[in-house]
Amino acid sequence: MAQRLKVSLLVVASLGAALPARAEQPRAWTLAGRHVVVSVERAASALFWSRRRQSLGSDSRLKPKGFDISLLSQRSAASRSSLPRFAADFVSPDGVSVGAAIGLGYTKADASATLPAGAKGGVTELVLAPRVGFVAPLSPRLALWPRVGVSRTSYSISSVESAIVNWDVTLDPQLAVVIVPRVVFTTGALFETSVSNDSGDGSSQLAYGVTAGLTAMF
Amino acid sequence: MRRLVVVSWVAIGLCCAAQAHAEAAQSWTLAGAHVVVAAERAATVLLWREHYLDIPGAQGRNKGVDVSMLTAGVAESSSSMPRLAADYVFRFGLSLGGNAGVGYSKDGHPTKPKGLPHKSAWVFGARAGYLLPLSPRIAVWPRLGVGCASHSVSGDEEPLIVSTETAWDLTIDPQLALVIAPRIVFTTGALLDIGFAGKQSLDGDFGSFAIRYRSSAYGASAGLAVVF
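Line order of the protein sequences matches chains C and G.
Counting from 1, position 21 in the first sequence corresponds to residue 31 in our numbering; the numbering is continuous, with no gaps.
Counting from 1, position 80 in the second sequence corresponds to residue 109 in our numbering; the numbering is continuous, with no gaps.
Hint data in this document are derived by calculation from the structure and do not stem from the laboratory.
Quick reminder that beta carbons are idealized off the backbone N, C-alpha and C, glycines included.
Incorrect hints may have been included.
Derived coverage of chain G by chain C (criterion: at least 3 residues anywhere in the stretch with Cβ under 8 Å from a Cβ of chain C; other residues may be distant) [stated by the list, open to error]:
(1) 194-201
(2) 234-240
A few chain G residues that face chain C, going by a derived Cβ cut-off under 7 Å, partial list only [as the list claims (entries may be wrong)]:
(3) Val-64
(4) Ala-68
(5) Asp-83
(6) Gly-126
(7) Gly-130
(8) Ser-134
(9) Lys-135
(10) Arg-212
(11) Phe-215
(12) Thr-217
(13) Leu-221
(14) Ile-223
Sample of chain G residues lacking proximity to chain C, with all beta carbon distances greater than 12 Å (derived) [to be verified]:
(15) Ala-67
(16) Arg-70
(17) Ser-109
(18) Phe-119
(19) Gly-132
(20) Ile-167
(21) Leu-205
(22) Gly-218
Please model the complete structure; the sequences and the hints are all you need to start from.
Rendered as structure tokens:
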């Protein structure tokens, strides 16, 4: 136990020495290296989307489609892919990133425009999206950050037992630009397609377009 | 003994981290002139109330609660909508700025080839405040402003009806600003939107009519700001 204590103190002491050293070199800060990244993602987006219901055959008139443009105000969005979200990623020294995005919305009202007719209770919308990626610095202030992940979006009404759950696969290669040390503007393409849903009608969604967000790196 | 080891780990780690942050923050503080860009109302807990002044009785009121962490797609109140904000903070602490958010969706609905159903929403606001640093890393930032929000939805069945709600409010949002890393600030505080004007209108083949509408909300909000 004493040996473990010694090792522990040694590790903590070296961490303590390393942290101030890193903090004293703001000018040497770059995208390369190990970081924890916290982002507001899809803060701005322009997305085309289409839905298909297998039960309605291949008639193109039965495929709703449209586009969403938003700057944070996704209240008008018709596609779940337009929802902004918080994200946190860990970037290893060799550039591999592992993280997830999350978004949460809940509302309850006496008379609701969100609830389907006849339904009562609150509405909860939850987005969970784990992903992996790779940060490839092109220069100290510029990097490519291709990412791939899955996205689970659930929509539930408290008075109804079942929830609608959709699973999507997401590809979003991003360009990361350091605008000041630790603050990164990200923008890039987004491609998201359904792989599973339990709405019962076999519908699927495809969304593609561009997004932008703001990232803090620690 | 094991507990002692764990406590030592945590205590020493915290000390080191605090020391590192303190050293990093020495070269950069909240005091002075800045431009602040923020994602505001990124997380909110709001109680809201709507009044339709030209409808008598209980039907002329509606109230509820919204909780959101960016995903306010289900939110009933415009006050819950996140927005992008920019403020200029003068050297003596006065801040002037505004915020905006916009969304538009066009939907080629298959059952309605002629009309294209759409939804749109926007918010904007202007405000003044005072940034009062309590320490190099903590500040109180009371703000007062005026905001306007609009939400428009058109139906997807004949006859085509467009419903639009527009609301003006006085916004009071005293915020606590915490520097979590140089130039990166977490803000959180109370929020009070007091509706003082607005209308809900219906437009269609039958013509159009409007009623007076007020929307108010109060609760707490949080956001993330970048200081340049």
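A quick look at each hint next to the structure:
1. 194-201: n = 0 at 8 Å, threshold three: violated.
2. 234-240: violated (count 0)
3. Val-64: 11 Å, violated
4. Ala-68: 5 Å, holds
5. Asp-83: Since the shortest Cβ distance to chain C is 16 Å, the answer is violated.
6. Gly-126: Cβ of Gly-126/G sits 16 Å from chain C, so the hint is violated.
7. Gly-130: 4 Å, holds
8. Ser-134: 4 Å, holds
9. Lys-135: 5 Å, holds
10. Arg-212: 6 Å, holds
11. Phe-215: Hint on Phe-215/G: violated, closest Cβ of chain C at ~10 Å, above 7 Å.
12. Thr-217: 14 Å, violated
13. Leu-221: Violated. Min distance 19 Å.
14. Ile-223: 19 Å, violated
15. Ala-67: Per Cβ check, Ala-67/G is inside 12 Å of chain C; nearest 9 Å; violated.
16. Arg-70: At about 9 Å from chain C, Arg-70/G fails to clear the 12 Å cut-off, so the statement is violated.
17. Ser-109: 8 Å, violated
18. Phe-119: Answer for Phe-119/G: holds, closest chain C Cβ roughly 20 Å.
19. Gly-132: Not fine: 4 Å to the nearest Cβ puts Gly-132/G too close to chain C.
20. Ile-167: 18 Å, holds
21. Leu-205: 18 Å, holds
22. Gly-218: 18 Å, holds
Consistency with the previously given hints fails for numbers 1, 2, 3, 5, 6, 11, 12, 13, 14, 15, 16, 17, 19, ordered from lowest to highest.
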